[in-house]
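2 protein chains.
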Amino acid sequence: MRPETHIALVHHPVLNKTGDIVATAVTNLDIHDNARSARTYGVASYHIVTPLDAQVELVSRILGHWRDGFGARRVPTRVDAMNLVRVSRTLEDAIAVIAEGAGRRPIVVATAARRLPGSMTYGALRERMQNEPGPYLIVFGTGYGLSEAIIGSADVLLEPIGTPEDWNHLSVRSATAITLDRLLGER
Amino acid sequence: MRPETHIALVHHPVLNKTGDIVATAVTNLDIHDNARSARTYGVASYHIVTPLDAQVELVSRILGHWRDGFGARRVPTRVDAMNLVRVSRTLEDAIAVIAEGAGRRPIVVATAARRLPGSMTYGALRERMQNEPGPYLIVFGTGYGLSEAIIGSADVLLEPIGTPEDWNHLSVRSATAITLDRLLGER
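Line by line, the protein sequences are chains Z and X.
To convert, take the position in the first sequence, counting from 1, and add 3; that gives my numbering.
To convert, take the position in the second sequence, counting from 1, and add 3; that gives my numbering.
Hints listed in this document are in silico derivations from the structure and should not be mistaken for laboratory results.
You may find that some hints are simply not true.
Said to hold, decoys possible - Some but not every residue of chain X turned toward chain Z, in silico, with C-beta under 8 Å: (1) Leu18; (2) Asn19; (3) Ser174.
Unchecked claim - These stretches of chain Z come out as covered by chain X in the derived footprint (C-beta under 8 Å, 3 or more residues): (4) 39-46; (5) 79-87; (6) 158-167; (7) 173-184.
As the structure is a prediction and not an experimental result, all values here were calculated from the model.
Don't be surprised by glycine CBs; every beta carbon is placed ideally from N, CA and C.
Put together the whole structure using the sequences plus the hints.
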């Protein structure tokens, strides 16, 4: 059974280096790399979350280029990936869109680079996803990570990506790829 | 036992869309993302392979900024990652540097997005790396993949990253992260 899985990349509310709540800028490569990872692992949709008008506009322009414009003609396989991308102004908006499509609210999974109390292992979540119908929404933060408000309202907290060195400053693009591989990759 | 592992990102000789041998441009984010993944998984060095003077110069400038310059002061954790990066003009040069440091030639592992005859599974390579002393050098291609010459001279060919969809157009940054997680991640 393939679990219906969605991902979200949150640009607000996230933390900055000093722990303040900020809105980060959307980056072109976050859109592309995560869309390609999403498509590769059969993810149903990829939500870019940003409340800022200019950023919503920017994402729409990039998507147009790669879905219908010159980019689509130059790299046709990219269309499949870019078709998964949505823009939402808040995480709740993304949850509502997924809930409307699936007929039920997704199980929201928050990720973090640090260990959170009560966090679930990758193995345990993978097993749950095999056995309990979704949809699942895996949420990634930009900047220095998701705000307490998002973490507090998630249904599941996922353990950090453990490493031999216990040094984890992975890019959010790399963390997303590894997370999808651990949860959805072939075994 | 931790296997001594190195990675290389090859910009020449690689294939373009139509199968010609080309040199691709080094990108800033390939340096950063892969350096961060390398540091996270305890990789010993990360070799950027490019024969072009201007590109060697560019990488050196970026490294200076992040090792000793403003970047190092702004994001101190990045220094640890950027200190792993080396620039080599050919893959053979990178192999020679690793061989000199380790006292023996590395076992060279070529990666590809398509299945190659005689390729080894991730599980089998992971096990070999646990049991047979390295060093190991995992080689990634930019553009449309490593040239036949590099693939033909490698000691091991690694299977492609398998996916539920059998659609694999991952970015090389994502593919590197997933590969390191599969070979060196905690289990």
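Verification of the supplied hints:
| no. | hint | result |
| --- | --- | --- |
| 1 | Leu18 | violated, 15 Å |
| 2 | Asn19 | violated, 12 Å |
| 3 | Ser174 | holds, 5 Å |
| 4 | 39-46 | holds (count 6) |
| 5 | 79-87 | holds (count 4) |
| 6 | 158-167 | holds (count 4) |
| 7 | 173-184 | holds (count 9) |
The structure shown violates the earlier hints numbered 1 and 2.
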